[in-house]
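Take the given structure of chain L and dock chain V to it, following the hints.
Heads up: the protein sequence lines correspond to chains L and V, in order.
Note that the first sequence covers residues 1 to 370 in the numbering used here.
Note that the second sequence covers residues 1 to 671 in the numbering used here.
If you're looking for bench data, these hints aren't it; they were derived computationally from the structure.
There may be inaccurate statements among the hints.
A partial selection of chain L residues facing chain V, derived with a Cβ cut-off under 10 Å [claimed, not checked]:
| hint | residue |
| --- | --- |
| 1 | Glu10 |
| 2 | Asn40 |
| 3 | Asn61 |
| 4 | Ala64 |
| 5 | Gln234 |
| 6 | Thr277 |
| 7 | Tyr318 |
| 8 | Val338 |
Calculated lysine to aspartate or glutamate pairs in the EDC-like style (CA-CA distance at most 20 Å, straight line) [unchecked claim]:
| hint | chain 1 | residue 1 | chain 2 | residue 2 |
| --- | --- | --- | --- | --- |
| 9 | L | Lys72 | V | Asp651 |
| 10 | V | Lys194 | V | Glu169 |
| 11 | L | Lys72 | V | Asp649 |
| 12 | V | Lys660 | L | Asp113 |
| 13 | V | Lys660 | L | Asp9 |
| 14 | L | Lys72 | V | Asp230 |
| 15 | V | Lys325 | L | Asp113 |
All of these numbers come straight from a predicted model, not from anything done at the bench.
Here a beta-carbon is modelled for each residue, glycine too, at the ideal position from N, C-alpha and C.
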Amino acid sequence: MVATSCREDELVVPTEYDIIPERPDPSSSIRGFYLVNEGNMGSNKCTLDYFDYMTGLYARNFYAERNPSVIKELGDVGNDIGIYGSKLYVVVNCSHKVEVMDARSGVRLGQIDIPNCRYIRFHRGKAYVSSYVGPVLIDPSAPKGAVYQIDTLSLAVTAKVTVGYQPEEMEIVNDYMYVANSGGYRAPAYDNTVSVIQMIDFKQVQQIKVDINLHRLKKDRYDQLWVSSRGDYQTRPSRLYCLAKRKGFNQMEVVDTIPVACSNMAIRGDSLYFYATEWNNFTASNTISYGIINVRTRELVSTSFITDGTEKEITVPYGIALHPENGDVFVTDAKNYVSSGTLYCFDSGGRRKWRVRTGDIPAHITFLSK
Amino acid sequence: MLSIFRHILWLLPVVSPPVVAQSLEATDSVSLAHRLENVEVTARRRQAEVIPSQRLDGEQLRGLNSQSVADALRYFAGVQIKDYGGVGGIKTVNIRSMGTNHTGVVYDGVELGNAQNGQVDLGQFSLDNIESISLYNGQKSEILQPARDFGTAGTIYMRTRMPKFACGETFHARMTVRSGSFDLLNPSALVELKLSERVSASLSAEWVSSSGKYKFRYRRVNPAGELAYDTTAVRQNGDINATRLECNLNGALPSGQWHAKVYNYNSERGVPGAIVNNVWRRGERIWDTNSFAQGGFNNTWGRFSALANVKYAFYRTHYVNNDDKQVKIDNLYRQRETYLSVAGEYEILPVWRISSAYDFQWNALDADVYAFARPDRFTHMASVATALAFSRFKAQASVMGSFVHDVLRGQKAPSDKQVLTPAVYLSCNPLRNADWSVRAFVKRSFRMPTFNDLYYADMGNSQLNPERVTQYNVGLLYDHSGRCGALLNAARISVDAYYNRVKDKIVAYPKGQQFRWTMLNLGLVDIRGVDVSALLSLCPVGDLTLTGRVQYTFQRAIDVTDPADNYYRDQIPYIPLHSGSAVVNASWRGINVNYSFIYVGERYNQQENIRYNYTQPWYTSDLSAGYDFSVGRVKMRCLLEVNNLLSQDYDVILNYPMPKRNYRATVTVEI
Numbered sequence: 001m002v003a004t005s006c007r008e009d010e011l012v013v014p015t016e017y018d019i020i021p022e023r024p025d026p027s028s029s030i031r032g033f034y035l036v037n038e039g040n041m042g043s044n045k046c047t048l049d050y051f052d053y054m055t056g057l058y059a060r061n062f063y064a065e066r067n068p069s070v071i072k073e074l075g076d077v078g079n080d081i082g083i084y085g086s087k088l089y090v091v092v093n094c095s096h097k098v099e100v101m102d103a104r105s106g107v108r109l110g111q112i113d114i115p116n117c118r119y120i121r122f123h124r125g126k127a128y129v130s131s132y133v134g135p136v137l138i139d140p141s142a143p144k145g146a147v148y149q150i151d152t153l154s155l156a157v158t159a160k161v162t163v164g165y166q167p168e169e170m171e172i173v174n175d176y177m178y179v180a181n182s183g184g185y186r187a188p189a190y191d192n193t194v195s196v197i198q199m200i201d202f203k204q205v206q207q208i209k210v211d212i213n214l215h216r217l218k219k220d221r222y223d224q225l226w227v228s229s230r231g232d233y234q235t236r237p238s239r240l241y242c243l244a245k246r247k248g249f250n251q252m253e254v255v256d257t258i259p260v261a262c263s264n265m266a267i268r269g270d271s272l273y274f275y276a277t278e279w280n281n282f283t284a285s286n287t288i289s290y291g292i293i294n295v296r297t298r299e300l301v302s303t304s305f306i307t308d309g310t311e312k313e314i315t316v317p318y319g320i321a322l323h324p325e326n327g328d329v330f331v332t333d334a335k336n337y338v339s340s341g342t343l344y345c346f347d348s349g350g351r352r353k354w355r356v357r358t359g360d361i362p363a364h365i366t367f368l369s370k
Numbered sequence: 001m002l003s004i005f006r007h008i009l010w011l012l013p014v015v016s017p018p019v020v021a022q023s024l025e026a027t028d029s030v031s032l033a034h035r036l037e038n039v040e041v042t043a044r045r046r047q048a049e050v051i052p053s054q055r056l057d058g059e060q061l062r063g064l065n066s067q068s069v070a071d072a073l074r075y076f077a078g079v080q081i082k083d084y085g086g087v088g089g090i091k092t093v094n095i096r097s098m099g100t101n102h103t104g105v106v107y108d109g110v111e112l113g114n115a116q117n118g119q120v121d122l123g124q125f126s127l128d129n130i131e132s133i134s135l136y137n138g139q140k141s142e143i144l145q146p147a148r149d150f151g152t153a154g155t156i157y158m159r160t161r162m163p164k165f166a167c168g169e170t171f172h173a174r175m176t177v178r179s180g181s182f183d184l185l186n187p188s189a190l191v192e193l194k195l196s197e198r199v200s201a202s203l204s205a206e207w208v209s210s211s212g213k214y215k216f217r218y219r220r221v222n223p224a225g226e227l228a229y230d231t232t233a234v235r236q237n238g239d240i241n242a243t244r245l246e247c248n249l250n251g252a253l254p255s256g257q258w259h260a261k262v263y264n265y266n267s268e269r270g271v272p273g274a275i276v277n278n279v280w281r282r283g284e285r286i287w288d289t290n291s292f293a294q295g296g297f298n299n300t301w302g303r304f305s306a307l308a309n310v311k312y313a314f315y316r317t318h319y320v321n322n323d324d325k326q327v328k329i330d331n332l333y334r335q336r337e338t339y340l341s342v343a344g345e346y347e348i349l350p351v352w353r354i355s356s357a358y359d360f361q362w363n364a365l366d367a368d369v370y371a372f373a374r375p376d377r378f379t380h381m382a383s384v385a386t387a388l389a390f391s392r393f394k395a396q397a398s399v400m401g402s403f404v405h406d407v408l409r410g411q412k413a414p415s416d417k418q419v420l421t422p423a424v425y426l427s428c429n430p431l432r433n434a435d436w437s438v439r440a441f442v443k444r445s446f447r448m449p450t451f452n453d454l455y456y457a458d459m460g461n462s463q464l465n466p467e468r469v470t471q472y473n474v475g476l477l478y479d480h481s482g483r484c485g486a487l488l489n490a491a492r493i494s495v496d497a498y499y500n501r502v503k504d505k506i507v508a509y510p511k512g513q514q515f516r517w518t519m520l521n522l523g524l525v526d527i528r529g530v531d532v533s534a535l536l537s538l539c540p541v542g543d544l545t546l547t548g549r550v551q552y553t554f555q556r557a558i559d560v561t562d563p564a565d566n567y568y569r570d571q572i573p574y575i576p577l578h579s580g581s582a583v584v585n586a587s588w589r590g591i592n593v594n595y596s597f598i599y600v601g602e603r604y605n606q607q608e609n610i611r612y613n614y615t616q617p618w619y620t621s622d623l624s625a626g627y628d629f630s631v632g633r634v635k636m637r638c639l640l641e642v643n644n645l646l647s648q649d650y651d652v653i654l655n656y657p658m659p660k661r662n663y664r665a666t667v668t669v670e671i
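Chain L on its own, in the form it takes in the complex:
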């Protein structure tokens, strides 16, 4: 009791390791993956976990130990993660920055200050970050969002383009960037467009009307875009849309609506894995659904990708990722948002291979190559 009743030096929280029953595959080109835990707002508990396929060790809260001298650690509310070249990027939303690390060691290289930053994508030596706050225009109470262009060598912002309201995910297809605008700050007057940015001069050239409160935007191997609408959480349900170019035209348009709710998705080959969490006011509980869509035929081919009953354990699915080579499915459970989450790994047949405790609100995964 005496030992714990006095204050001691405040320690940098050390990394914890768990052994994962996963056999290393020497032929695989994947070395491991990073998982960013968002952490509840104001808690400054955004943390980074790393799993290494070679050692089979899952390292929880990896950043603070690798970078002990960073004041107040990784930050408040992680929102995205990505690897480009030798660098690892973590978008930390409420710390208004993109943290840049060496992808192999996790050692900090620098940071890029971007207000209210959301998602990151890469293209031809540049990183692009969507941000809820663009320049303050005529109406300062409802500023439009922006996409920032960052040089990945100098880590400096080189350009910025105004898009719609509160932009979320984006993708680059054939030198055009498509950005899903949510307008979440303007509820009930949500935005309903996908912004199109011409990459050659980094200008917004078009806004495609899709549905309100857009969020996820992923491209498949046929250069189609899959865009999710969150709905208005009341009467308008969440939906999934497919955008493609008509033959002979250079403009994307909505070509299909899949009548499913979609909170998040991941695409590998022809398969789009998705899940949805929808609140039901009547039963006062979340309705969770999972499914697979064939992106070529745009048809729902399965209403579940977990086959061993593990889905009953998952309280709030929050992140999804697919192993690029063996097709393992990763699903994270954020539970009540203010306690440790769980990362589940399923084989391509939907059977659970393993699970591991994560930080608070495990959400975004990126794979590291050898």
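Frame of chain L, contents of chain V only:
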């Protein structure tokens, strides 16, 4: 001579007796001080017998380095304060881990309410004109009280100073100026007037201004013991500019009294916010205007006594988020409350009394927030109670019924709620020696879901049920007062063990994606605790009085909601297993020195008791020295305070750093 001193001593809560040069007079004043102390102790005992209570008043209260009522409450057993730091930081109190919403706060006989979020910010109440603060676990020992007072799980009573005039006096005035760290400037004034033999008035005004800027430090070392980082910064956007105006009328009735009060509090505050990586300053601001008028009377006719209270309150909160990086918010909330209460007590036999009370309350909330339901709430409360008082055995039983009806604009209101809250209190003196007593109580209480819980935009859940608490308490009290001139002035020790169970606890529950939440009746909390408090007052030599107070709390408050949770049976957030305080006070003639120590043990800042959520213990030492003297008819008092003497760097709430060592000086002039 005697009567003048008595009069001066009655003013004790504000200004202690002046130093008198002549030894004869000085002796007189000391023996009178003893007498007064005795009177106090007796009065306290009457309340303490049935229900565990704690009280701070007069010199004790002034000696503690406290700016607000919340600071003073840290010295009570079983209480945890949430303090977001600084002069303007929000401070709320949680009694015996049951949650802030279960704490009633009564200001001069009428409960302060906040139907919007159920929490009263005790940082807004300055100690300037407060005469005493008492805390009751369960309810007050009186059975003649408003029905609402029978309903809360724990109640804090604040009483403002009551004017008392000696023969020939018609006027008192007091002026205080307080200044110190954080650019604090806090002048206040009090005027008391004797309007007639039966009616007196007091007018109190106060202004607080502070930049809220203080240095704080974060320091980390790595497991090898090497310094990882060490940074000191200045807290920003914690400024406050507030005024308080209060006017009281007090009158005497043939065998009772009446009072009327008008109160206005106005403030502009910055919300300092959490310190997180890369964010050291935020742009949130709050303007509060809290106004209320209240009145009450009580009188006794033979065996019958009656009590009535009435109140009207208007609270306006204007919240603005001006941070360029975040969503712009500019919201105005308006709350209105009307309250009426009547109560009667009848003495059937000298040892047996019964009472009954009825309260009506109307609350309304209006906000310019999208999809806000604009609720109106009508609450009817009725109680019956009885008290038996034999010389060595006392008992009280009460039951209170609440009936709550909500009306919403533009949507269907949830069904009406009815709750019964019974309570039984027993106390006896098992020995012939009246110093010892044993007490026990069982009480059920509840809290209604607040307007935010039920109707807040997208997060509220109108299906919520009231959150319920059952408390069991057993305690032992030793209370001894020495004779005049004896070495032992007073000794008091009380030990209470309790078991509380919070059912249907209202918790935030995640709803789909993107930090969307709703409220559910999900939690079940099991609380076992022991409160110990002791007081010893000695007069070793001459005019020297030494007083020591010690308070210790053990609380094991665990979440037993669901064995599947990874925090099942873990200690709930921010409740330390061990906490306590110690205060030593020495007074010699006009000199008063006070040392106080507060300890809050290790806690967890989230539900899971893992290393990552671990929060270190904190403990601070505060020192104050005061000197009272007279210049002619003018009484003066100077007080110097040093808070956080050892300059500990600590957070009460994660990422809300507290100030390092800070100072305050006070000068009071009274005529």
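Against the structure, the hints come out as follows:
no.: 1; hint: Glu10; in the structure: holds, 5 Å
no.: 2; hint: Asn40; in the structure: holds, 8 Å
no.: 3; hint: Asn61; in the structure: holds, 7 Å
no.: 4; hint: Ala64; in the structure: holds, 9 Å
no.: 5; hint: Gln234; in the structure: holds, 8 Å
no.: 6; hint: Thr277; in the structure: holds, 4 Å
no.: 7; hint: Tyr318; in the structure: holds, 7 Å
no.: 8; hint: Val338; in the structure: holds, 5 Å
no.: 9; hint: L:Lys72 / V:Asp651; in the structure: holds, 14 Å
no.: 10; hint: V:Lys194 / V:Glu169; in the structure: holds, 8 Å
no.: 11; hint: L:Lys72 / V:Asp649; in the structure: holds, 15 Å
no.: 12; hint: V:Lys660 / L:Asp113; in the structure: violated, 30 Å
no.: 13; hint: V:Lys660 / L:Asp9; in the structure: holds, 16 Å
no.: 14; hint: L:Lys72 / V:Asp230; in the structure: holds, 10 Å
no.: 15; hint: V:Lys325 / L:Asp113; in the structure: holds, 11 Å
Going through the hint list in order, the structure does not satisfy hint 12, though it satisfies all others.
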